[in-house]
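Chemist: This is what each chain is made of:
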Amino acid sequence: MAGMKTASGDYIDSSWELRVFVGEEDPEAESVTLRVTGESHIGGVLLKIVEQINRKQDWSDHAIWWEQKRQWLLQTHWTLDKYGILADARLFFGPQHRPVILRLPNRRALRLRASFSQPLFQAVAAICRLLSIRHPEELSLLRAPEKKEKKKKEKEPEEELYDLSKVVLAGGVAPAVFRGMPAHFSDSAQTEACYHMLSRPQPPPDPLLLQRLPRPSSLSDKTQLHSRWLDSSRCLMQQGIKAGDVLWLRFKYYSFFDLDPKTDPVRLTQLYEQARWDLLLEEIDCTEEEMMVFAALQYHINKLSQSGEVGEPAGTDPGLDDLDAALSNLEVKLEGSAPTDVLDSLTTIPELKDYLRIFRPRKLTLKGYRQHWVVFKETTLSYYKSQDECTGPGTTASLPPGCEVVPDVNVSGQKFCIKLLVPSPEGMSEIYLRCQDEQQYARWMAGCRLASKGRTMADSSYASEVQAILAFLSLQRTGGGGPGNHPQGPDASAEGLNPYGLVAPRFQRKFKAKQLTPRILEAHQNVAQLSLAEAQLRFIQAWQSLPDFGISYVMVRFKGSRKDEILGIANNRLIRIDLAVGDVVKTWRFSNMRQWNVNWDIRQVAIEFDEHINVAFSCVSASCRIVHEYIGGYIFLSTRERARGEELDEDLFLQLTGGHEAF
Amino acid sequence: MEGCIWYNLCSEMGESSEDIDQMFSTLLGEMDLLTQSLGVDTLPPPDPNPPRAEFNYSVGFKDLNESLNALEDQDLEALMADLVADISEAEQRTIQAQKESSQNQYHSASLQASNFSGAAPLGHGTNVAATGISQYEDDLPPPPADPVLDLPLPPPPPEPLSQEEEEAQAKADKIKLALEKLKEAKVKKLVVKVHMDDNSTKSLMVDERQLARDVLDNLFEKTHCDCNVDWCLYEIYPELQIERFFEDHENVVEVLSDWTRDTENKVLFLQKEEKYAVFKNPQNFYLDNRGKKESKETNEKMNAKNKESLLEESFCGTSIIVPELEGALYLKEDGKKSWKRRYFLLRASGIYYVPKGKTKTSRDLACFIQFENVNIYYGTQHKMKYKAPTDYCFVLKHPQIQKESQYIKYLCCDDARTLNQWVMGIRIAKYGKTLYDNYQRAVAKAGLASRWTNLGTVNAAAPAQPSTGPINGTAQPNGQMPQAAHSVSAVLQEAQRHAETSKDKKPALGNHHDPAALRAPHAPKSSLPPPPPVRRSSDTSGSPATPPKAKGTGGGGFPSPPDDFLPPPPPPPPLEDPELPPPPAEFMEPPPDFVPPPPPSCAGNAGLELPPPPPPPPAPAPDSARPSPAVAKRPPMPPKRHENPGTPGGAGGGEQDFMSDLMKALQKKRGNVS
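So the protein sequences, as listed, match chains A and B.
Each residue of the first sequence is one higher than the one before, counting from 1 in the UniProt record's numbering.
Each residue of the second sequence is one higher than the one before, counting from 1 in the UniProt record's numbering.
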C-alpha cells in the first residue's frame, strides 16, 4: 500500500478503519474491523469481512445494511466513496432473507423467509411463488395491527404455526407438480400439511371468537386497515420490519385476473378465505338474503373440504354410508340401463308413497290438516283418501320447475312441514305437507326440491340431498350458539357446523340458530351440486357482485373543503363518499383520468380528468403514498389484459406506484 | 295459443325406399288414402283451460287431426312445406353432392355468393338438417352424402368427395346418428303462429330444442329483414297487458308450454331497440346516477373505445357487474288498486326496498323479490287498467302465472328512461353474461346478414337464390353470372353503408302491430338499387290465382306448395339439372322452397320472370289464403271428443301418421280451391 511514513514510524495512507457488525441489527452483535480505503469495492469489503470472521458458513445471502441511511449496499462493484461511506457508518453484515410470520388470508400463521433487501413487490412475488399463488401483483403485505396488551394476556390460544422457512425454491423455474402439489411442498409431512392448509378452505370459525374480533362499525373504521399497507417499492428492512415480525398477506387490488380453479387452488382458496372473512367481520355489508347464500356456500364448501380431507369415512355415521351405497347402486343402475331403454326409464324412477297430512289453505275454510295417502312420482304429487283408493284418480298436483319449496320445521317441537308454492296459470297455490319424523321429512323434502329444479328422484343427487337435509336437521337439534354438546359429532366438523359460524355477528344477534338453519338450508339447495372449486368460485363471484365490493376506503380532505370525507378506491373508479351518511357524492372513473400527481411536501394528491376536471385532496387516515400506490396499482392491473401471460412488467409497476425517493 | 300442436315427427314413409322417387310416390300414395278417411273435418272447440299436465307432452291422434283442421289454410301450407322441407332438403343435398362436380364451373359465381352469406351460424340450419335426416334414419340407411350436407357450407370450390371418403364419413356419421336416433324420436315440435309487424302471421315449426335465437334465424330467412340485433321474439299477454322479449337463449317451446290452451297470448316478431340497448350505449345504464351532480349530457356520448372497455369491465370479469340502480318507484299493493311509493335498490341478488324509517345501507334493506323464478315484463297501459301513476310500468311474475294474481308484482316508474334502466338492470341481474353472449351472437348474425344483403343488392336478382334452395337455384344462375364478379369487393363498403342506414331506423317503441314499414324499409333505405327480392311475397301472391298452372311456368322457382303436391313431381333430373350450389344450411328456408324441383326446362326464363324487387310486401302466407274463400270456411264443430289429449298412449299412433294426415288435409283443402 503506497503511503507515507510519519515520524513515529506509522504509515499514513488513505486507508481507514471500518467497523462492521455481524448479524442482524443488534447493538451487542460482534463486530469486525477492517482497514479500507475509499476506493475499496463493496465486493472486496464483503470478502474481507468473511475472512475476518473466519467461520465456515454459507455467506451467500449476506449483505451489508447501512443503518443510518437505511440502505442495503447491494452494488458490489461500487466503491465506498461512491456510496459515501465513512468511518462513522454503522454497518451490519447480515442475511438478506429473514424469517417472518405471515398471517394468511385464511388467518393461519405461516413462518417463512422473506427477502428484506428487495423491493416489497419482488419480495411478495417470491412469497407467492413459494405459496404457489399466481398473479402476485394483486397481493401485498400489511403491518399487523398493534395488539392491545391487556386483553391478549387473558387467553392466547396456542395456535398451530406452519413453517416453510426451510424450503428453498430454485429460482426461475416453474415449480413442478408432484403428487398433486407443487414439488417443494412434498418434501415432508410438515410441508404437505402446510399445502393442505393453503389449498383447502378452513372450517368455520368459532362463533364466540367471531364476536370477539374487532369489526368496523363505521366507514372511518374501515379506513384503518388501509393505513397499514407497506410500500411496494421499498424493502422490508427499510420499512422497519424486523425478523420474526408478523405481517399480513392480503389481496390488495380487487381485480382478479384469470381466476382458474384448476391451476390455482391456493389462490382460489385464499381469495375465498379473504372474501369470507370480509363478510364475517362485516368489512363489507350484505343483505340478509345474500348472507344466507354466503352461509350456504360456506357450509357446502366446508362439507366438501372436510370429506375430502378425511379421505375415508372414518367418523361418519353408518347410516350415511348406507345412503352412499344406495346412491352408488342407483347410479350404476341408471347408467347401465340408460343406453338400452331410454323410453322405459320412466319406470325406473323411484316414487315415494306414504301417509302424510295435507293442508291446502283456501279462503273461507276452516279445514286443517287431513291425513291422505300420498304418492310422489316423477314430479307429481297425487293424494288419496286411503291407500286402498289409490288406483282411482286422486287429486294431483304437479310440481313444475320453479315451484317454491319452503321448509317449516321445528325439531324440538317435532314439526316437519313442507310448504309448497306451486305456480299455476291463476297464481300460486299453496300446499302444506306434514311429515311424521325427520327421515320421512328428509325424503319428501328432497323429492320436492329436485322437482322444483326439474329433476326427479332418479337424479343422482337425491341421496345426497336427503343426507344434507338430515344433517341440517341434526344441526338444528344441537344448534344453539356456542360449541359444546354435539352428540353425534365425533369429528371436528360438527362443531364447525354451528350456523353462527357461517354468518356475520349481526345476524347472530338478529336470529336464533334454529331460525337461521332452515334459511341456510333453503339457500343450500341451490348450491348443493357444486364442486369445491365451483362453490368457492361462486362465493367469490357473489362477493364481487356486492355493490360495495372492492372499495378501499381512505379518509381524505378535499381541497377547499373543511371537513374530512372518505375516498373510495375501486378497480375502475374513485368515489367521494360522505363520511357521516355514507352516500356517494361523486364518482370519477379511471378511464377518464388524464394524470395524477403527488405533492410529497404538502402531502396532496392532485388528479386531472377529461374535460379539465381537477380534483385535489390531502390524505388524513393513510399516507398519500398509499393512495398513490392504489391508483397506480389499478392502472397497472388494467394494462394486464393486453399483455397476457404471467410475465410481470415490474418496472412499469414501480414506475406507476413508486414515488419520489425524497419522500 | 292459436295453432299450437304437439306432435312427434316420425315418418314411416321411407320404409322401403331408398330412392327419392319411390319415397315420394309412397308419400303421395298415402296422402290419397288418407284423403278418403279424413272425410269429416272437425274443428275442436277450444279446450277451456285444460289442466297443464294434460297439455304437457303430446296430444293424441284424434286431437292431432282436429288441431290440424283447426289450422287455417295458410298455416297448413306452411306447415306442410316445413315438413317436406326436411325431407326434400336431405334429398336435394344428396343429389347435389353427387352433382357438385358437374356444376361447379357453371356456378362458381353463385357459390361465391353463398359462401359469403353462409359463413354464418348455423346452429339452426345444421340442426334442421340433422333432424330431417335422422328421421329417415329410422328406416333408411343414411344417404351416403349426408355427412357432407351436415356441414353448414360446402367448401367454396366444391371438390367432389371421393367415393371412399364419402363412405368413411357416412360411416362415422351413421354412428352419430344412431346415437341421436332415440333422442330424435322423442323430439317434440310445436307449430307456432308468429305475428309479423304488419299484422300478417307466419306459422313456424319449432322443435323443443330450439332457442329463441334459432327461431329468429329461421324468421330472418323467411322474411328477409335486415337481421339487425333489434329483432326479437316478443310475447304479449293481452289479458294482463304485459309483454316481454324472449331472451335469445330461452327455449321457445318451454316458454310457450306455460301458456294455457285458450290463451290470447301471442308471439310477435318485431324490432325493439331496448333489447340490447345496454350494449349499444352502456353508459346510459352503467354511468348514470353515479353521483347526483353529474349532468346528463356527459353521459349521452361516449366513444366506441370507452364503451367497449366499459362493457368488458362489466361483463367479462369473473363476475358481471349489475348496474347500480336505485330510486323511488310505485308499487301496486297486493290485491288493491292503490300504488305506494317506495325506495327500491337493484342488487345482483334481487330487488330490495328501504323499509320505513330505515336507511339504505345493505343491512337494513328488505328483499322485495329475487329473480330466479320470475320473468320481467313491460306493462302496457296500466294507467288505465290498474290506475297506475304513469304508463311506465314493469311487472314481475312467475312465467306460469297467466291470470291476475296476487303473486304478480307491479311496479311503476316515473319516466321511460327509468323504466328502461330497471328492466335492463333486472335482465342483467337475472341473466348475467348470457345476455352479452346473446348479443354477440346477434351481432355476428346481423353482420353477416348485412353483408349478405348487400352482396345481394349488388348482384341484382341473385341474392336470395342460394338460400332458397334447389328449386330457385335452377332458375337463377343465369341471371346471376354476369354480375357476380365485382361483388366481393363491393361487399364491405356496402356493409358499412348498410350498417349506417339501418342504424337510423328507430322503430317506434311499443307498437308491435306496426305497419309493414318496419320490415320493408330496409332494402330501399339502404339506397342500393335493387333490394333483394323477397321472393316469397311476389311469388305467392301470384300463385293462388293460378294454382294448377304455376307449376308449368316455374314461377322463378317459387311454386306455392299446391303445385308441388298435387301431381307427383318428377324426380329431380340428375345431371343436367342446373342445380345451384348447395344451399348453405343456415339459409334453409323451409316452406315453399324445398318442395321438389320443377321440371328443369323452366330454368332459363325464370330469371327474367323474377319480379322486380318492390318494397317487399311481407308475409305471403295470408295472401295465398285470401283468394280462396272456400277454404276460409271452417269446418263445423267436432261432434265428438272423448279422448284425453294428454294420454301418452294416444300419441304413439298419432305421431306416426302425422305427416300423411297433414298432407291429406292440405290436399283436401286444395281440392276445394281448385
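Among the clues, some could well be false.
Here are the simulated DSSO-like pairs of lysine-lysine, each with C-alpha atoms no more than 27 Å apart in a straight line [to be verified]:
(1) B/K403 with B/K385
(2) B/K403 with A/K419
(3) A/K419 with B/K409
Beyond 12 Å from chain B on every Cβ pair, some chain A residues (computed) [to be verified]:
(4) E28
(5) V50
(6) S60
(7) L86
(8) A87
(9) R107
(10) A126
(11) E192
(12) I241
(13) F257
(14) V293
(15) C403
(16) L421
(17) E426
(18) S429
(19) N571
It is worth saying that the hints were derived from the structure and are not from the lab.
A virtual CB, placed ideally from N, CA and C, is assigned to each residue, including glycine.
Chemist: Is the Cβ of A/L421 farther than 12 Å from every Cβ of chain B?
Modeler: violated (8 Å)
Chemist: Just checking, A/R107 versus chain B, shortest CB gap more than 12 Å?
Modeler: holds (23 Å)
Chemist: Mind verifying the non-interface call on A/E426? Its CB should be farther than 12 Å from each CB in chain B.
Modeler: violated (5 Å)
Chemist: Does B/K409 lie within 27 Å of A/K419 when you go C-alpha to C-alpha?
Modeler: holds (21 Å)
Chemist: Since A/F257 was said not to touch the interface, does its Cβ keep a gap of more than 12 Å from each Cβ of chain B?
Modeler: The claim breaks: A/F257 does not keep its Cβ more than 12 Å from every Cβ of chain B (closest is about 9 Å).
Chemist: With d taken as the least Cβ-Cβ distance between A/V293 and chain B, does d exceed 12 Å?
Modeler: violated (7 Å)
Chemist: Does the claim that A/N571 lies off the interface hold, with its Cβ farther than 12 Å from every Cβ of chain B?
Modeler: Violated: least Cβ distance 8 Å, not greater than 12 Å.
Chemist: The output says A/A87 does not contact chain B. Does that hold with a beta carbon cutoff of 12 Å?
Modeler: Non-interface label on A/A87 holds, nearest chain B Cβ at 58 Å vs cutoff 12 Å.
Chemist: Please verify that the nearest CB of chain B lies beyond 12 Å from A/L86's CB.
Modeler: holds (54 Å)
Chemist: Is the hinted pair B/K403 and A/K419 satisfied, with a Cα-Cα distance of at most 27 Å?
Modeler: holds (22 Å)
Chemist: Using Cβ atoms and 12 Å as the threshold, tell me whether A/I241 really stays out of contact range of chain B.
Modeler: holds (32 Å)
Chemist: Please check whether the beta-carbon of A/E192 is more than 12 Å away from every beta-carbon in chain B.
Modeler: holds (30 Å)
Consistency with the previously given hints fails for numbers 13, 14, 15, 16, 17, 18 and 19, ordered from lowest to highest.
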